[in-house]
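> Sequence:
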Amino acid sequence: PSAPIASAPKPEVVRPDTPAAAREALPAITGTTQTAWKATTDASAKGAGGDVIWHSGAQRGFMRFTGLAANDPATSQYQLWIFDAERDERYPVDGGVFDVGPTGEVVVPIAAKLHVNSPKLFAVTVEKPGGVVVSKRERIVLTASLPPT
Numbered sequence: 004p005s006a007p008i009a010s011a012p013k014p015e016v017v018r019p020d021t022p023a024a025a026r027e028a029l030p031a032i033t034g035t036t037q038t039a040w041k042a043t044t045d046a047s048a049k050g051a052g053g054d055v056i057w058h059s060g061a062q063r064g065f066m067r068f069t070g071l072a073a074n075d076p077a078t079s080q081y082q083l084w085i086f087d088a089e090r091d092e093r094y095p096v097d098g099g100v101f102d103v104g105p106t107g108e109v110v111v112p113i114a115a116k117l118h119v120n121s122p123k124l125f126a127v128t129v130e131k132p133g134g135v136v137v138s139k140r141e142r143i144v145l146t147a148s149l150p151p152t
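All residue numbers for the sequence shown refer to my numbering, where the first residue is 4 and numbers rise by one.
Quick caveat, the hints were computed from the structure, so don't treat them as lab data. A virtual CB, placed ideally from N, CA and C, is assigned to each residue, including glycine. Check each hint, because a few of them may be wrong.
To be verified - Using 30 angstroms as the maximum straight-line C-alpha spacing, the simulated DSBU-like pairs for lysine-lysine come out as follows:
#	residue 1	residue 2
1	139	123
2	41	131
3	116	49
4	41	116
5	49	123
6	49	131
7	116	131
8	116	139
9	41	123
10	41	139
11	49	139
To be verified - Computed beta-carbon distance windows for the label pairs:
#	residue 1	residue 2	range
12	73	25	22 to 28 angstroms
13	94	131	17 to 23 angstroms
14	120	50	32 to 38 angstroms
15	24	135	29 to 35 angstroms
Input sequences plus hints: build the corresponding full structure.
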């Protein structure tokens, strides 16, 4: 009987499917919009920037942040709100909650809870852990406007 032949190690995946990699691919799709964040006077926004990329047809998008203050998920989380031109602005669409680590840099997939037809404004607020259903908008950190479609 001969000895079993050891199999060759499997090669590593060169480009993992990360939010950053998926974000890089989205602008290639016709109809994708991209806009820069504008910081507010909130202390967490000091020196913050980045952008939002969104495709309404795919209902997919990503937020990129640089210089955004780290949060402690036990006390607060960032939450995205999407203001849709076809909805009452008192009730923007929840785009998901997220955390920012010590580097202040992160790419976050947008997780819209409802279909967004005509996004006109993206806003990031500071909320309690787990987010809220309706924001009091007491701490708006960043906003990004889209031109009317």
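> Would you mind marking each hint as holding or not holding in the structure?
These are the hints, each one checked on the structure:
1. 139 / 123: 19 angstroms, holds
2. 41 / 131: Holds, at about 22 angstroms.
3. 116 / 49: 29 angstroms, holds
4. 41 / 116: Measuring from Cα to Cα gives roughly 24 angstroms; hence the hint holds.
5. 49 / 123: Holds, at about 24 angstroms.
6. 49 / 131: 20 angstroms, holds
7. 116 / 131: OK: residue 116 and residue 131 at ~18 angstroms, within 30 angstroms.
8. 116 / 139: OK: residue 116 and residue 139 at ~18 angstroms, within 30 angstroms.
9. 41 / 123: Holds, at roughly 14 angstroms.
10. 41 / 139: 20 angstroms, holds
11. 49 / 139: 21 angstroms, holds
12. 73 / 25: 22 to 28 angstroms: 23 angstroms, holds
13. 94 / 131: 17 to 23 angstroms: 19 angstroms, holds
14. 120 / 50: 32 to 38 angstroms: 34 angstroms Cβ-Cβ, so the 32 to 38 angstroms window holds.
15. 24 / 135: 29 to 35 angstroms: 31 angstroms, holds
Hint violations for this structure: none, all hints satisfied.
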